[in-house]
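Engineer: Sequence:
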Amino acid sequence: MFFDYHFKVEQEAGSATFSFFSFNGTAGVWRTNAINDAGGWKDRTTVEDMDLAVRATLKGWKFVYVGDIRVKSELPSTYKAYCRQQFRWSSGGANLFRKMAKDVLVAKDVSLLKKSYMLYSFFLVRRVVAPTAACILYNIILPISVTIPELFLPVWGIAYIPMILTVVTAIRHPKNLHIMPFWILFESIMTVHRTRAALTGLLELPGFNQWVVTKKVGNDFEDNEVPLLQKNRKRLRDRINFPEIGFSVFLFLCASYNLVFHGTTSYYIYLYLQGLAFLLLGFNFTGTCSCCQ
Numbered sequence: 017m018f019f020d021y022h023f024k025v026e027q028e029a030g031s032a033t034f035s036f037f038s039f040n041g042t043a044g045v046w047r048t049n050a051i052n053d054a055g056g057w058k059d060r061t062t063v064e065d066m067d068l069a070v071r072a073t074l075k076g077w078k079f080v081y082v083g084d085i086r087v088k089s090e091l092p093s094t095y096k097a098y099c100r101q102q103f104r105w106s107s108g109g110a111n112l113f114r115k116m117a118k119d120v121l122v123a124k125d126v127s128l129l130k131k132s133y134m135l136y137s138f139f140l141v142r143r144v145v146a147p148t149a150a151c152i153l154y155n156i157i158l159p160i161s162v163t164i165p166e167l168f169l170p171v172w173g174i175a176y177i178p179m180i181l182t183v184v185t186a187i188r189h190p191k192n193l194h195i196m197p198f199w200i201l202f203e204s205i206m207t208v209h210r211t212r213a214a215l216t217g218l219l220e221l222p223g224f225n226q227w228v229v230t231k232k233v234g235n236d237f238e239d240n241e242v243p244l245l246q247k248n249r250k251r252l253r254d255r256i257n258f259p260e261i262g263f264s265v266f267l268f269l270c271a272s273y274n275l276v277f278h279g280t281t282s283y284y285i286y287l288y289l290q291g292l293a294f295l296l297l298g299f300n301f302t303g304t305c306s307c308c309q
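Here the sequence shown is numbered in this note's numbering, starting from 17 and rising by one per residue.
I should point out that these hints are in silico values taken from the structure, not numbers from a laboratory. Check each hint, because a few of them may be wrong.
Mimicking EDC-like on lysine to aspartate or glutamate, the simulated pairs with C-alpha atoms at most 20 Å apart in a straight line are [to be verified]:
(1) Lys-130 x Asp-59
(2) Lys-78 x Glu-28
(3) Lys-78 x Glu-26
(4) Lys-58 x Glu-220
(5) Lys-131 x Asp-65
(6) Lys-96 x Asp-84
(7) Lys-78 x Glu-64
(8) Lys-75 x Asp-53
(9) Lys-24 x Asp-119
(10) Lys-58 x Glu-28
(11) Lys-96 x Glu-203
(12) Lys-118 x Glu-220
(13) Lys-131 x Asp-119
(14) Lys-115 x Glu-203
(15) Lys-130 x Asp-119
(16) Lys-131 x Glu-220
(17) Lys-58 x Asp-119
(18) Lys-130 x Glu-26
(19) Lys-78 x Asp-125
(20) Lys-118 x Glu-26
(21) Lys-115 x Asp-125
(22) Lys-124 x Asp-53
(23) Lys-24 x Asp-65
(24) Lys-88 x Glu-28
(25) Lys-118 x Asp-59
(26) Lys-75 x Asp-125
(27) Lys-96 x Asp-119
(28) Lys-75 x Asp-119
(29) Lys-115 x Asp-84
(30) Lys-115 x Asp-53
(31) Lys-78 x Glu-90
(32) Lys-24 x Glu-90
(33) Lys-118 x Glu-64
(34) Lys-115 x Glu-64
(35) Lys-115 x Glu-28
(36) Lys-75 x Glu-90
Take these sequences, add in the hints, and give me the full structure.
Structural biologist: Printed below as a string of structure tokens:
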């Protein structure tokens, strides 16, 4: 659902209106003149394709999304691999915002409307504000609020509006609507990682420009087939994600307090489900998927 929204909404809509959109590196075809005119590939961030797309846009180049051409690609095969990929994208995007904000403001060949969209909507809101606000609201403020009787969060703001936005995002694939509750819980967990990554890139904290190749099952099939037949032995610290377990304990405690002392509100149902999701990912109870299977 996340990638479908990225391609079919962001990129296709941006292409149709000749607006700016993040030209992705996978299956992207560049004109050599556009690359050279924009200053070439640079490794100053972990999102070099987005970096080049921003610089090319400031030079007046426009991108076209061709949705009827299909190419094979792989998604991260494990939870940790997906977290590393999201960290690289979120940290790189926030760091690129820091590096390119001035260049976007002083660009002469870009309209004021496009500058506003790039700086406010594309970079500031989507890369920094949105994940940070969602993380703080659903994983910190909401659990704490159920322990304070004087503090009440309206249901329409906590549930109804986000649910409508989620349905609008996922409505293109009705056959996948049954997994939407799981997707909501999973995305709430990912806001923790994206917030940490965004702040790391924005403030250039240690590790903000660290490149870790995303592990995919297809790589194992190509590199070495024998280890796939052997038992995968990992150290305990590699199998357990302690931050997720910590969040699950916190959410379980808040949900139990809400159920026992303030049972009139039903937020404890969500908190128990979210805590369970954190716990499952904390102990790495996730499958490994591959397009080869």
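Engineer: Run the distance test for Lys-78 versus Asp-125: straight-line Cα separation, threshold 20 Å.
Structural biologist: This hinted pair holds, its Cα atoms lying about 12 Å apart.
Engineer: Between Lys-96 and Asp-119, is the straight-line Cα distance small enough, at 20 Å or below?
Structural biologist: With Cα atoms ~35 Å apart, Lys-96 and Asp-119 exceed 20 Å; violated.
Engineer: For the pair we were handed, Lys-115 and Glu-203, check the Cα-Cα distance against 20 Å.
Structural biologist: Not OK: Lys-115 and Glu-203 at ~28 Å, beyond 20 Å, violated.
Engineer: Please verify whether Lys-88 and Glu-28 have alpha carbons no more than 20 Å apart.
Structural biologist: holds, 19 Å
Engineer: Do the alpha carbons of Lys-115 and Asp-53 lie within 20 Å of each other, as the hint requires?
Structural biologist: Distance of about 19 Å is within 20 Å: holds.
Engineer: Quickly compare the C-alpha distance for Lys-58 and Glu-28 to 20 Å and report which way the hint goes.
Structural biologist: Since the Cα atoms of Lys-58 and Glu-28 sit roughly 26 Å apart, the hinted pair is violated (cutoff 20 Å).
Engineer: Lys-78 and Glu-28: Cα distance at most 20 Å?
Structural biologist: holds, 13 Å
Engineer: Does the alpha-carbon distance linking Lys-124 and Asp-53 stay inside the 20 Å limit?
Structural biologist: Within the cut-off at roughly 15 Å; holds.
Engineer: Taking 20 Å as the top limit, are the C-alpha atoms of Lys-78 and Glu-26 close enough?
Structural biologist: holds, 15 Å
Engineer: Tell me if the straight-line CA distance from Lys-118 to Asp-59 falls inside 20 Å.
Structural biologist: Judged against 20 Å, a Cα distance of about 19 Å means the pair holds.
Engineer: Straight-line Cα separation of Lys-118 and Glu-220 no greater than 20 Å?
Structural biologist: Satisfied, since the Cα-Cα distance of roughly 17 Å is no more than 20 Å.
Engineer: Quickly compare the C-alpha distance for Lys-115 and Glu-64 to 20 Å and report which way the hint goes.
Structural biologist: holds, 13 Å
Figure legend: structure checked against the earlier numbered hints; hints not met, in rising order: 1, 6, 9, 10, 14, 16, 20, 27, 29, 31, 35 and 36.
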